[in-house]
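Position chain S relative to chain A; hints supplied.
2 protein chains.
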Amino acid sequence: MLVAKHQNTIDNAVKANHERTFYAHYPEHPKAYGDEAHAIGMQSYQQMLNKPFKQLLQTGETGWTGEEVSPYSGEVLGVTYPEFAVKDLIEKATEAGKSWAKVPAAERAAALAETLDRIKDHFFDIANATMHTTGQSYMMSFQASGPHANDRALEAIAAGYHELTRYPENLLWEKPMGKVSVKLSKSFRAIPKGIGVVIGCSTFPVWNSLPGMYADLITGNPVIVKPHPRAILPIAIAVSCIQQALQDNGYNPDICQLAPDSTEHLITKELCEDPAVKLIDYTGGSAFGEYVESLKGKTAFTEKAGVNSIILDSVKDLDAVIQNLAFSISLYSGQMCTAPQNFFIPEHGIQTSNGLVSFNDVVQKFKEAVEALVNNPKMGAGTLGAVQNEQTLQRAKDAQMLGGKVVLAGQTINNEEFSKARMFTPTILEVTSADNKIYEQELFGPIVLIVKTKDTQHSVQLAKQMALKHGAITCGAYTTDPAVKAEITEEMNSVFTPVSFNLTGFIWVNQHAAFSDFHVTGGNPAGNASFTNQEFILKRFVWVGNRELAE
Amino acid sequence: MLVAKHQNTIDNAVKANHERTFYAHYPEHPKAYGDEAHAIGMQSYQQMLNKPFKQLLQTGETGWTGEEVSPYSGEVLGVTYPEFAVKDLIEKATEAGKSWAKVPAAERAAALAETLDRIKDHFFDIANATMHTTGQSYMMSFQASGPHANDRALEAIAAGYHELTRYPENLLWEKPMGKVSVKLSKSFRAIPKGIGVVIGCSTFPVWNSLPGMYADLITGNPVIVKPHPRAILPIAIAVSCIQQALQDNGYNPDICQLAPDSTEHLITKELCEDPAVKLIDYTGGSAFGEYVESLKGKTAFTEKAGVNSIILDSVKDLDAVIQNLAFSISLYSGQMCTAPQNFFIPEHGIQTSNGLVSFNDVVQKFKEAVEALVNNPKMGAGTLGAVQNEQTLQRAKDAQMLGGKVVLAGQTINNEEFSKARMFTPTILEVTSADNKIYEQELFGPIVLIVKTKDTQHSVQLAKQMALKHGAITCGAYTTDPAVKAEITEEMNSVFTPVSFNLTGFIWVNQHAAFSDFHVTGGNPAGNASFTNQEFILKRFVWVGNRELAE
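Going down the list, the sequences are from chains A and S.
Using this note's numbering, the letters of the first sequence correspond one by one to residues 1 to 551.
Using this note's numbering, the letters of the second sequence correspond one by one to residues 1 to 551.
Isolated chain A, as found in the complex:
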């Protein structure tokens, strides 16, 4: 029944995965969900505060934990979550996995599509929960944790369905041997690898978790979701929707369990090192990411730190470019893994349609554009969002002491709606190409470095070195010269970094669209996995072919 309901959705998503033109199953505009949705979601969110989260279909908790604080209000959310013994989680996952592994691919895909529709009904409470844990603006919270995350999940389901149905399940192999032939009945089975663990981060608790969760599930593996202790609520709502939809349709909800823990007693390593855990998806800092990648007998999918570059060579309309970049660095205060950090600008300046603009003038324009944006009462607070945690805030405050010339000093600004919001505007530093100690590190948060280079070739070489040594998820470049464009493409692609050229207007380098853009290439130190290429799916199961003499 679910197959009939969702097969079109799956088929369209498979097609979209291959065509890679614009496609969205879940509209990104809040209005598409009805006039009441916003208010209902807000109410629903508020009703969750200051009480135990009991919507999960998991039992046997050993205690309750919760330490979330809103970056907007500075207040604790007061939601507590059940804690479970790792052994208990593993046992339940193992048991639930047995029957899930036997569900045919089409049924599995349909059941998972149904869970996404259930999540859709809670997009607005998830948006509020995301806002008040991550510090994202309301609109970003809605889109990133709602339609965009669901679309990336559907993308993973479709990619999995495509791979699982690539070969015929049963076939007759007949080898002619002169007058006779040898006949074998063959059957191909996609055997799931084992329990998956998905480790969430505090800035994109849903968007970064759903792809791995659904990739595990579509390929028949049970999954345990280990959220960041400071950003549990958004994914807890999503997991409770998944569990409810599974149970309502006759599946064991334990194939998707939540494993909340606390900063004081983290269970991540205990989970990862359990012998039954075979798959680990991780988003976060590089040190823990490298630990995950080093675990023997596990398949790891990581998104770690990186240093994203912007290469400025020549432009048509400098103001349009500067506007676009000012927005890019301000968006969510640089707390996106796709946010640009290092801006490479030649010392002789930038060629524009109106002639050469000097290096200093470009820097000045950039400074002014950022100032104008963050101080714009209609734009500033909504673009910046809030800073997720104190560490990031401190890093931003300390940025002026990194060295180089302070072009723009970050500062606390007021948020009219939330007077206690943890806000800090971007700091812009100007450094020389010799200051690699400064720009060779990920400065997560609202910190931008302008690196003065000899020329564009020099800029490209530095950006390439950064990607090779420290990883890069994306790169923005501006040039009107086809030869320069070809060179930038060649050089950055050679270190497995995608380039976005000449973005202006309502599209930013930070954005990666489901069904079209691979998020992280997997080829440089920024991460070994990619949303959602085939490897992201195929590494989660093993093809096994059985044969029998056919008579």
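Think of the hints as simulated: they come from the structure by calculation, not from any bench.
Warning: the hint list may mix true and false statements.
A pair counts as met if it fits within one copy or between any two copies, since identical chains are not told apart.
Said to hold, decoys possible - Pairs of lysine-lysine, DSSO-like flavour, derived with a Cα cap of 30 Å:
(1) LYS405 / LYS31
(2) LYS51 / LYS183
(3) LYS183 / LYS469
(4) LYS179 / LYS378
(5) LYS298 / LYS437
(6) LYS54 / LYS278
Here the structure is a predicted model, which is why all the values come from computation and not from measurement.
Chain S alone, transformed into the frame defined by chain A:
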């Protein structure tokens, strides 16, 4: 031009890869290649003996090496091969790789198909070279190093071509934004990972090397082929064919280099550890395989040791089964990675259409069948082939001292054609299930263990444990009971081991057919790679998507 010539071949191979029914592009019967081919090949082989091998298009050798000895004649082949400095090989691969990476997928596939046709013209000299380095019989040498290897190479080319052409190269992405839309030109590029090294083995120097070589090449990577010092000639001929065909069609032959070395001065580790080497394909012992897998920053594809089991439960025609198994263990004296080693038989015997046959009677029949086969003047020598090296011979000779009861003692037998052939017939030992120290090891060569178990369930548990702990490439099972069949399938598949049921007649568990059977699943310790699943291809390149604002 080459695309027009070979596109049908590629398209048919892509189709065959997906349908997985019987398909062969290169006929396996020698007669298909004309009446003269055998004699020409023999002559061609003989003309290569006792001189330097100068057919490679590589220059700058630092010396000449060669230490091959025929397992049939006991004589040195006397062929010497050029040795190259690792630095030189890497530099040439890097340089040649630059232009090869830019060749479009369809052209690359066609050029590689052309190289296979060039190899085809040398199937018969390769057959002789294989026979006199590996000890395989002439027929196995012809098939395994000729048509079967070429088909597995074509399979890899087709799988690569399919993946490389999965997404449109260029497309327009248009996102509706109310009254306007945002347009991006996107292009997807498959960026090769870097230099590949393919490490050959002494028993299947061509069959085990071609898939990795062609998987590297189709995905745009240059490859360096490091053969086993005792089995260079077969793959040297193949590489020289590839180089010649490449050069004739305007490609740099250095994209496929041979790197011969000597037992005294192995260059394998130096090659593997070079920073420019990103891909390593390896066939051989587990210790070195684990070293290869542990190398940081490399993608490894391994086929290591394993312990293959036969589970005997119930049969229709016991004699037919025993005949089939006797042939399986005798074929190339157990020197195939797919050869069965451990035979699990319940202590109460085996149910047959003619009633229960006791354990001892089954063992006796097995013994008699092997004796009859190896002593059959028309069958014995041709089935057994020769033992490749002294270590394997010694292991076979020492087998009686392993413990257990000697059912059949292996012995030297005469080969009428080659009086000095290194021959040794299979040793059969009977052990108990408690003798796990004996049967828990790969006893490469003509050694078979019959393990007496409590019942079939016990047999299955032991076979499963062997696969889980030590790896298994295949498993044979005999049962007439559908419930038992289901249980064996479930249990062995859960440790990523394929099962072949009830094989009798002209099909053996040892055989894996191109375009249909995945060779090694990659899921247990027998190896982490599979000929040719999609992972075997996808891990060799990275998708990078570039974007540009479209106006």
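Hints versus structure:
no.	hint	result
1	LYS405 / LYS31	neither (45 Å within a copy, 80 Å between copies)
2	LYS51 / LYS183	neither (64 Å within a copy, 46 Å between copies)
3	LYS183 / LYS469	neither (54 Å within a copy, 33 Å between copies)
4	LYS179 / LYS378	between (83 Å within a copy, 22 Å between copies)
5	LYS298 / LYS437	between (34 Å within a copy, 28 Å between copies)
6	LYS54 / LYS278	within (29 Å within a copy, 49 Å between copies)
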